Amino acid sequence: MSITFNSFVQIALFLALVLALTKPLGLYMTKVFNGERTWLSPVFAPLERFLYRACGIDPAREQRWTGYVIAMLVFNLAGMLLLYGLERTQQWLPLNPQHLGPVEPQLAFNTAASFTTNTNWQNYAGEQTMSYLTQMAGLTYHNFISAATGMALAVALVRGLARHSAEHLGNFWVDLTRATLYILLPICLVGALVLVSQGVVQNFNPYTVVHTLDGGLQVIAQGPVASQEIIKELGTNGGGFFNANSAHPYENPTALTNLIEMLAIISIGAGMFYMFGRMVGNTRQGWALWAAAAILFVLGLAVALPAEQGGNPLLAHLGVNQQASALQPGGNMEGKEVRFGITDSVLFTVTTTATSCGAVNSFLDSYTPLGGLVPLANIALGEVIFGGVGSGLYGMLMFAILTVFIAGLMVGRTPEYLGKKIERKEVMMAALALLISPATVLGFAAVASVLPQGLASLTTNTGPHGLSEILYLYTSSNGNNGSAFAGLAGNTPFYNWTGALAMLIGRFAFLIPILAFGGSLVGKRVVPAGPGTFPTTGPLFVSLLVGVILIVGALTYFPAYALGPIVEHLLMLAGRTF
Amino acid sequence: MSSHTLEVRPWKTRRKGAVSSFDPQIVRQALLDAFRKLDPRWQIKNPVMFVVEVGSVITTIEFVRLLLTAPGPAFPVTRLHNETLFVLAVSLWLWFTVLFANFAEAMAEGRGKAQAETLRRARTTTMAKRLRRPERSAPWEEVPAPALRKGDYVLVEAGDVIPGDGEVIEGVAAVDESAITGESAPVIRESGGDRSAVTGGTRVLSDWIIVRIGANPGETFLDRMIALVEGAQRQKTPNEIALNILLASLTIIFLLVVVSLEPFAIYSGSPVSITTLIALLVCLIPTTIGGLLSAIGIAGMDRLVQRNVLAMSGRAVEAAGDIDVLLLDKTGTITLGNRQATRFLPLPGIDEQALAQAALLASLADETPEGRSIVALARERFAIGEEVSLQQQASRFVPFSAMTRMSGLDVLADADGQAASARGEEEAAPPVRTIRKGAAEAIIAYVHEHGGDNTHGELLQRTVDEIARAGSTPLVVAETWRTGQDHQEQARVLGVIELKDIVKGGMRERFEQLRRMGIRTIMITGDNPLTAAAIAREAGVDDFLAQATPETKLKLIREQQAGGRMVAMTGDGTNDAPALAQADVGVAMNSGTQAAKEAANMIDLDSNPTKLIEIVEIGKQLLITRGALTTFSIANDVAKYFAIIPAAFSTTYPQLNALNIMGLATPHSAVLSAVIFNALIIIALIPLALRGVKYRPIGAGPLLRRNLLIYGLGGIVAPFVGIKLIDLLLSLLHLTL
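Just so you know, the protein sequences line up as chains A and B, in that order.
First residue of the first sequence? That's 1 in UniProt numbering, and the numbers climb one at a time after it.
First residue of the second sequence? That's 1 in UniProt numbering, and the numbers climb one at a time after it.
These aren't lab readings, by the way, just hints derived from the structure by calculation.
Please note that a few of the clues may not be correct.
Claimed, not checked - Under the rule of at most 25 Å between Cα atoms (straight-line distance), these lysine to aspartate or glutamate pairs were calculated in the DMTMM-like manner:
| no. | chain 1 | residue 1 | chain 2 | residue 2 |
| --- | --- | --- | --- | --- |
| 1 | B | Lys45 | A | Glu423 |
| 2 | B | Lys150 | B | Glu170 |
| 3 | B | Lys555 | B | Asp606 |
| 4 | B | Lys694 | B | Asp606 |
| 5 | B | Lys236 | B | Glu598 |
| 6 | B | Lys236 | A | Glu62 |
To be verified - Label-pair distances were calculated between CB atoms; the ranges are:
| no. | chain 1 | residue 1 | chain 2 | residue 2 | range |
| --- | --- | --- | --- | --- | --- |
| 7 | B | Asp23 | A | Lys425 | 37 to 43 Å |
| 8 | B | Arg65 | A | Leu455 | 28 to 34 Å |
| 9 | B | Asn657 | A | Val9 | 38 to 44 Å |
To be verified - Covered, in the sense of this in silico footprint (three residues per stretch, anywhere, with C-beta under 8 Å from a C-beta of chain B), are these stretches of chain A:
| no. | stretch |
| --- | --- |
| 10 | 406-415 |
| 11 | 431-443 |
| 12 | 522-529 |
Predicted model only: the values in this text are computed from it and were never measured.
Ideal placement from N, C-alpha and C gives every residue a C-beta, glycine not left out.
Only chain A is shown next, with the shape it has when bound in the complex (with noise of 0.2 Å):
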């Protein structure tokens, strides 16, 4: 069980560099989600207005909640359908070196569906499925404009909070142009370099066929990777240019990369827990959300380091060294890389569930029952830990919300957040958004863990592993998170069409309530805070919203758990596996 003492360090310079990271990049979105100048606006201006110009959209008119709405659905429509038809039709179209066919009409809706709602569940392995072409144009646009819908929504709820009796939400094109155009674009132009120059490939050439050292011949991937690898993290979307992902080596070579690569998934949700408590004109806000996170995401390690780093007591009971040494690691190795070893692996794992990103460089499938509980409990607690790029802070004012309008009512006085008022229509707001996700997670796992369609798909494993790997199937893709249990056949008609599903009411049935609740909280007066208001600054609110988090979540998924990891672990201590 012992945690290493390189481990404790990794970790304290891991969440030193993400706190260190929060309040610049925080800032820095503020600006350019007020549309202040910013100092890369000497190049971007002049081609923002351009564009504005070119589309006929008047930065200046913003628009009610509805019209924020329909734009951001609308866009999203027409994105997921080109992204369709180029999967369709790839076989036609340049940058195809490998000759690839098009992809199957059921996988490409559910692709499609998959990266247009920044989930990035991928039933295809993308050396052997997409072009190169379908991967820049249709994968990596997503991964840009998934990521800034999201971060648009998240401003837009932040400014129904911060605005006070008005109507409007902000223009989704002008949030959503200057997402992509002042933050994504630029740290991953930096970001690919980086990236580059430890290892990662980009270009557009043939796979590499090479003579093996022990005669064979082996086939090498190539392609435009790094251009795509830095927005699959920073973006929170997760999908891997290859099948491996992050464990493959042409996408995530060294240590520093693997550093690079969590810092990228966690710090824009990082910085705009900053950028929201500066919105509302009150950094602690912020802070007090940033503090939550930062305890549940210390809480998710607590449990699976350990658990990983103890290895498997069956493998023990054979004899096998699981101790870490100078020469090995030690703990649970299987489904790990070498070269990132049980910290970063776990690491990794708790950031890219924590968040909504979904890219792994280790294989949950083969973690221990517990290590693989947190990563499923981190995605059904909302992945609010940070969360994905805008999609973690609306989620997280959600459970503020709830917070308050439960125990704010201790203090005798109608809940109020940020002086705003809770009252009805609020509450019927975030009770819907909470209400969509055991909807689907448990209504899909429900139905999958009894007919025979869903059952067929447990290849490898059968048991209450097999129950754990169907719900992190729908927990996954309702949490637009994308990560799998590896275990289960996903390519199934059955699993692309309700998994498809999954990811859009994830991502879509979530975001109209979630606006709806900001057009509502922005007309509102604001109530001036007193020495009778509930504080949701402190210490006392940070340990209840953590509270709330964890009970709404235990509460909600402990039973199917119980069926799952819980009674795995347990019976993994008595000696039986799956």
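Since chain A is already given, all that's left is putting chain B on it; use the hints.
Just chain B now, kept in the frame of chain A:
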């Protein structure tokens, strides 16, 4: 100065004959009503408890099915027997759960009905003397009170019961309002001014009045109040609706959890029995708060009635909890309506005791509160005993008149009584000594007139100004006496008495408390800004509105509301009506005018302006009780999972018994214990729901920490203990099945 602050009467004025919490008669009626409310058409109004009722029905059917099942190889006799008993037990406890919740609501309603009954007694049908014209001499006809319509004129004479709410348009009468207020002392009601409103059901004790009826039958305050406390027309308040939405969505989530559990169970090897699933569902959905929510609301309204406040809507009670700003009238609320002597300020060369003595003499026969306070101060400061009063025998009191603007005393003889008796002509002889107290200008003029000069005129003027600036009233004291053989008259100013607006005892602490509650107090007064500022400072209010007019009051309320604040105020005059209507919580004094009462959303029968503070506390208590029980209810679920999940899968996965951290005896007893706990906790919390969680004015942070500890942490821990105890008891009684 503390000895001068008078004790204010305690705030907690309970209604006479207030209904006790558990009157056997109410309990009996509530038990009956609990069954009556099982009617699904009624039960569906409470979705949480409706789900429990459906569960009860299903488990009852399941019980009947098992009864009809013959034992077979798959179901041996003992197992079938145990299973049947188990289903019966669960089913019964589920029915109890619904009944307990219904009982809680019926109890609250019953108490309200009892309150309404006392109110209704005041509404006995009386005969009214309806006048043709609004004149005393006009002919009248006798009609039953319910036949009166708005705008009718009635004559009410000594001994008559006032037939309806209305306004006195002619006459003065002493009215016994004890039927409404519980206060036995009669009050004066007269036409014009702010004491013109009368309430139906009260009795005229003396004289006569002509009343213009102000409300049609069924629309009087009494009628509206009776309907409200009975809960008949109870409309859910905004926060209650919001909370109901949350509870309904939690219920849906748990429904999803339980419904999806069955496929997972089938996947895992064997299905879970419908009884266990329903037991799990009922334990998870927020039955505790769901069952008590309406009782909390009704009880909150009831608490107001017990404090003699009639609220016109539940919404107003809830709004009271949200109040940010309290507008309080200075006179009668913050200060004791009368000015009190607080200091003697002698001029140079005058002994303070001499001044006090002179003031005392001048005030001995002065029965005004100011006069009495001067006597009290002089006696206290210089221990001047009763013997001084003897001097009165040879003296004559000069009462205050608007002409002279002073009052005082003429001493007709020396202390030994010689002067007067020697001459034997008391009436005609000029007084030996005169003492006058009054407004500065009047006294100075008096001194001049009697041959004195204003030696310290400048100092006197400065003192007088200073006192006025401090918010007090200066009263100058002077004396004249005769000296020498020729009885040459001399006069001089002795000094100044400071009469102060006395802030009621405990007000500063009260405002401090309000501040900790997050409520700002603004004092409303007709005084000039200087005086107002001084009193505001002394009373410890946060702000003041001086030289207030109805318009400035209204403007102040609108400004506060524009800033997002909720405003409460009290008022009684017709000119208060617009402000009362504009305020979020407007409390009219029962002694006030009809217009004020109609504009307000609450009426204080005691006409006690400080009642507003209590009203705010009741509003807060209402919200806190809801929040506390919601938190408790949700926190309870954690333990129930640990009881039921291992039990439900005891055959599929015996390893899950590791989660049975309470060490419950058998799967059946685990499920049953959880269900029983879930039902009993509703009963256990009924008193809390009716009484309300105590509100402490300690600021939101500490209050939250405290309540979270009790209801959050307590809510997690309590069921672990409770379920374990019930399980132990079941084991002891060999009922573990």
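To see whether the hints hold, each was checked on the structure:
A hinted pair counts as satisfied when its Cα atoms are at most 25 Å apart, and Lys45/B with Glu423/A qualifies at roughly 20 Å. For a cut-off of 25 Å, the pair hint linking Lys150/B to Glu170/B stands: about 17 Å separates their Cα positions. For the suggested pair Lys555/B and Asp606/B, the alpha carbons sit about 28 Å apart, so the restraint of at most 25 Å is broken. Distance restraint check for Lys694/B and Asp606/B: the Cα-Cα separation of roughly 23 Å lies within the 25 Å cut-off, and the hinted pair is therefore satisfied.
Taken as a hint, the Lys236/B and Glu598/B pair is honoured in the structure, with Cα atoms around 22 Å apart against an allowance of 25 Å. Between Lys236/B and Glu62/A the CA atoms are separated by roughly 37 Å; this puts the pair beyond 25 Å, and the hint is violated. Hint check: Asp23/B to Lys425/A, Cβ distance near 41 Å, so the stated range 37 to 43 Å holds. Range check, Arg65/B to Leu455/A: about 30 Å between beta-carbon atoms, so the 28 to 34 Å window is met.
The supplied range of 38 to 44 Å is met by Asn657/B and Val9/A, whose beta-carbon atoms lie about 40 Å from each other. With 9 residues having a Cβ less than 8 Å from any Cβ of chain B, the stretch 406-415 of chain A passes the three-residue criterion, so the hint holds. For the stretch 431-443 of chain A, the assignment as covered by chain B holds, since 8 residues bring a beta-carbon within under 8 Å of that chain's beta-carbons and 3 suffice. Residue count for the stretch 522-529 of chain A with a Cβ under 8 Å from a Cβ of chain B: 4. That meets the three needed, and the coverage hint holds.
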